[in-house]
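Once you've looked at the hints, dock chain B against the given chain A.
Protein sequence lines correspond, in order, to chains A and B.
Position 45 of the first sequence, counting from 1, maps to 45 under my numbering, and the rest follow consecutively.
For any residue, its number in my numbering is found by taking its place in the second sequence, counting from 1, and adding 1000.
Heads up, a few of these hints could be off.
Subject to a maximum C-alpha distance of 30 Å in a straight line, what follows is the list of computed BS3-like cross-link-like pairs (lysine-lysine) [claimed, not checked]:
#: 1; chain 1: A; residue 1: K3; chain 2: A; residue 2: K53
#: 2; chain 1: B; residue 1: K1069; chain 2: A; residue 2: K57
#: 3; chain 1: A; residue 1: K57; chain 2: A; residue 2: K3
#: 4; chain 1: B; residue 1: K1069; chain 2: B; residue 2: K1052
#: 5; chain 1: B; residue 1: K1104; chain 2: A; residue 2: K13
#: 6; chain 1: A; residue 1: K57; chain 2: B; residue 2: K1104
The following label-pair restraints were derived from C-beta to C-beta distances [said to hold, decoys possible]:
#: 7; chain 1: B; residue 1: T1053; chain 2: A; residue 2: L115; range: 50 to 58 Å
#: 8; chain 1: A; residue 1: G16; chain 2: B; residue 2: A1028; range: 42 to 50 Å
#: 9; chain 1: B; residue 1: S1074; chain 2: A; residue 2: S65; range: 36 to 44 Å
These are calculated hints, taken from the structure and not from any lab test.
Heads up, the beta-carbon is just placed ideally off N, CA and C, and yes, glycines get one too.
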Amino acid sequence: DVKVTQSSRYLVKRTGEKVFLECVQDMDHENMFWYRQDPGLGLRLIYFSYDVKMKEKGDIPEGYSVSREKKERFSLILESASTNQTSMYLCASSFVRTVGDNEQFFGPGTRLTVL
Amino acid sequence: LAKTTQPISMDSYEGQEVNITCSHNNIATNDYITWYQQFPSQGPRFIIQGYKTKVTNEVASLFIPADRKSSTLSLPRVSLSDTAVYYCLVGDMRQAGTALIFGKGTTLSVSS
Chain A
1 DVKVTQSSRY LVKRTGEKVF LECVQDMDHE NMFWYRQDPG LGLRLIYFSY DVKMKEKGDI
61 PEGYSVSREK KERFSLILES ASTNQTSMYL CASSFVRTVG DNEQFFGPGT RLTVL
Chain B
1001 LAKTTQPISM DSYEGQEVNI TCSHNNIATN DYITWYQQFP SQGPRFIIQG YKTKVTNEVA
1061 SLFIPADRKS STLSLPRVSL SDTAVYYCLV GDMRQAGTAL IFGKGTTLSV SS
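So here's chain B without its partners, still in its complex pose:
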């Protein structure tokens, strides 16, 4: 399974755009890139997933360069409620008997 590297922590202020970059140098051809968000005392929640280029939903955007060796989660105009841990994962769950590795994630702190 591809290993990911992301910053341990980031700080931001309300209203700013936050970009969290994840490195995954040995990503496999069939792997997808997935981001999760976790609030204290809750289980992680799926945010966004992509394979290449750009994906956008109501919560975030995901930018993936052509070589797919990294990806950037972009949170527009963060608020205090975006304070959470963000996990970057790569893998292909189409195969039975595979699982994703979560790692330590990036702790985002948003201040007013």
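Only chain A is shown next, with the shape it has when bound in the complex:
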């Protein structure tokens, strides 16, 4: 089974702290994604990566950065956490296939609270 793991299920940080959210997948997927999910807003894409050291902005990249030094690991960084970044953060991964396949595999999520 594909496994996508996230470093923490719950995290509490203070305003201004630097926060690292880690995601690891074990299926050699090329693509990795970071989303945030807020009530009434659905899933919104923050950043994604289709290869090591490659990154693309999603819909809401402001206040975030990412790092992908190894294929299996994709990190989301909040340089200076703010209260409006309190949210559920979801990581996902997928193949880049030759035949159309839009299946993404999601991790369990990290619920981040910024005080």
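Only chain B this time, still in chain A's reference frame:
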């Protein structure tokens, strides 16, 4: 990326068939239509994907008309455990550097 429109919420009773329709008027030739299911406090889970006509698996069926401007996810004989948010997405993940847009989804509530 093609934008999708689906109902915000739907209600059903156990044992009924549920059909959730999604509009995607500007779907591109290479786009596939994909549906995900999300339970509370979990990440979304892939349910079904199709390009045209009908696709069926052990969980659901997906109906896509010839013009591909809409699609319908059909859940046969729903149970309480089918209460979840259902997302319709269109896109082509074959290209590196592309991503799918999830949107707000349809919240399905199944009652006994």
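Structure-based check of all given hints:
{"no.": "1", "hint": "A/K3 x A/K53", "result": "22 Å, holds"}
{"no.": "2", "hint": "B/K1069 x A/K57", "result": "28 Å, holds"}
{"no.": "3", "hint": "A/K57 x A/K3", "result": "24 Å, holds"}
{"no.": "4", "hint": "B/K1069 x B/K1052", "result": "10 Å, holds"}
{"no.": "5", "hint": "B/K1104 x A/K13", "result": "27 Å, holds"}
{"no.": "6", "hint": "A/K57 x B/K1104", "result": "20 Å, holds"}
{"no.": "7", "hint": "B/T1053 x A/L115: 50 to 58 Å", "result": "52 Å, holds"}
{"no.": "8", "hint": "A/G16 x B/A1028: 42 to 50 Å", "result": "43 Å, holds"}
{"no.": "9", "hint": "B/S1074 x A/S65: 36 to 44 Å", "result": "42 Å, holds"}
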